[in-house]
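Asker: Listed here are the chains, written in short residue letters.
Protein chains: 2
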Amino acid sequence: MQDVLEAISDPTRRKILDLLKQGPKSAGELGEHFDISGPSMSHHLGKLKTANLVVTERRGQSIYYSINTSVFEDAAQFVIGFFQEKQGSKS
Amino acid sequence: MQDVLEAISDPTRRKILDLLKQGPKSAGELGEHFDISGPSMSHHLGKLKTANLVVTERRGQSIYYSINTSVFEDAAQFVIGFFQEKQGSKS
DNA sequence: TAGATATTTAGATAATTTTCTAAATATCTA
DNA sequence: TAGATATTTAGAAAATTATCTAAATATCTA
Chain G
299 MQDVLEAISD PTRRKILDLL KQGPKSAGEL GEHFDISGPS MSHHLGKLKT
349 ANLVVTERRG QSIYYSINTS VFEDAAQFVI GFFQEKQGSK S
Chain C
299 MQDVLEAISD PTRRKILDLL KQGPKSAGEL GEHFDISGPS MSHHLGKLKT
349 ANLVVTERRG QSIYYSINTS VFEDAAQFVI GFFQEKQGSK S
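Sequences listed follow chains G and C, in order.
Read in order, the letters of the first sequence are residues 299 to 389 in this note's numbering.
Read in order, the letters of the second sequence are residues 299 to 389 in this note's numbering.
Please note that the accuracy of each hint is not assured.
Because identical chains share one entry, a pair is satisfied inside a single copy or across any pair of copies.
Each computed SDA-like pair below joins lysine to any residue, with the alpha-carbon atoms no more than 20 Å apart [as the list claims (entries may be wrong)]:
id, residue 1, residue 2
1, Lys323, Met299
2, Lys323, Lys347
3, Lys313, Arg357
4, Lys313, Gly379
5, Lys319, Gln375
6, Lys345, Asp308
7, Lys319, Gly379
8, Lys313, Gln359
9, Lys323, Phe376
10, Lys323, Gln375
11, Lys313, Phe332
12, Lys323, Gln300
13, Lys313, Pro337
14, Lys319, Gly329
15, Lys319, His342
16, Lys319, Met339
17, Lys323, Glu304
18, Lys345, Gly358
19, Lys345, Glu330
Don't read these hints as lab results, they were simulated from the structure.
With these hints in hand, go ahead and build the complete structure from the sequences.
Answerer: Right under this line is the structure:
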């Protein structure tokens with residue numbers, strides 16, 4: 299869960315996730331929305347992938363990224379739980 | 299909200315929040331649970347305060363920290379919303 | 001008021017993260 | 001297969017964050 303919280307703490311990565319809500323996009327398509335180099339984009343995508351927040355699929359030369367819905371739900375649950383348990387914390 | 303996500307992305311700060319779930323604690327009492335200096339503790343508490351995740355109250359020489367419940371709820375709502383809106387994202 | 005205790009601020013160093021360019025890998029097409 | 005396109009990896013530089021010691025501020029008590 300550390301990976302997830304760290305991943306979503308970065309504004310660039312949240313914007314990437316936002317864009318992916320519209321549907322799968324390639325690394326290049328995502329990159330058009332940012333003023334950073336390809337390798338920097340790849341770095342952020344790597345962190346999202348490590349956190350399991352996105353999944354990838356190659357289609358020809360491009361690699362398409364999409365949101366991993368189930369993990370998003372797990373993450374939401376964690377955050378809710380983290381915030382709600384008031385006593386006997388186990389997080 | 300950036301401040302909140304950044305604040306909870308750090309393990310030390312999540313542990314602080316966890317300890318505070320049991321009730322208010324002074325900076326010194328919190329520090330006993332960590333192997334870091336007072337100023338480092340103060341730094342983390344400052345970040346939590348900037349994010350408005352904790353509130354403080356001076357009692358004599360000590361300053362007591364406690365969880366700011368309402369903001370925790372806002373934060374949970376944000377994360378849930380962030381994860382759930384699948385289209386037309388506005389976050 | 002002087003000394004003790006609690007916490008923060010200041011300023012520097014260490015560790016981590018982000019970013020870049022150059023090069024490597026993978027795929028497609030002529 | 002050679003060249004073009006898409007993405008990642010390698011390695012270094014820049015930016016940010018966490019940590020430390022020393023000093024400052026605030027409060028209490030004798």
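Asker: Compare the structure with each hint and give your call.
Answerer: Results of checking the hints against the structure:
1. Lys323 <-> Met299: This pair counts as neither: shortest intra-copy Cα distance 25 Å, inter-copy 26 Å.
2. Lys323 <-> Lys347: Within one copy only: 14 Å inside, 38 Å across.
3. Lys313 <-> Arg357: neither (23 Å within a copy, 43 Å between copies)
4. Lys313 <-> Gly379: Cα proximity of Lys313 and Gly379: across copies only (14 Å, versus 25 Å in one copy).
5. Lys319 <-> Gln375: Cα proximity of Lys319 and Gln375: in one copy and across copies (19 Å, 18 Å).
6. Lys345 <-> Asp308: Result: close both inside a copy and across copies, 10 Å intra and 16 Å inter.
7. Lys319 <-> Gly379: Answer is between; shortest inter-copy Cα gap is 12 Å, intra-copy 24 Å.
8. Lys313 <-> Gln359: Intra 24 Å, inter 44 Å, cutoff 20 Å: neither.
9. Lys323 <-> Phe376: The answer is neither: 27 Å in one copy and 24 Å across copies each exceed 20 Å.
10. Lys323 <-> Gln375: neither (26 Å within a copy, 27 Å between copies)
11. Lys313 <-> Phe332: within (9 Å within a copy, 34 Å between copies)
12. Lys323 <-> Gln300: neither (25 Å within a copy, 25 Å between copies)
13. Lys313 <-> Pro337: within (17 Å within a copy, 34 Å between copies)
14. Lys319 <-> Gly329: The answer is within: 15 Å in one copy meets 20 Å, while 41 Å across copies does not.
15. Lys319 <-> His342: within (17 Å within a copy, 33 Å between copies)
16. Lys319 <-> Met339: Close inside one copy (17 Å), not across copies (38 Å); limit 20 Å.
17. Lys323 <-> Glu304: neither (22 Å within a copy, 26 Å between copies)
18. Lys345 <-> Gly358: Answer is neither: 23 Å inside a copy and 46 Å across each miss the 20 Å cutoff.
19. Lys345 <-> Glu330: within (19 Å within a copy, 33 Å between copies)
In the structure shown, a violation is registered for the earlier hints numbered 1, 3, 8, 9, 10, 12, 17 and 18, in ascending order.
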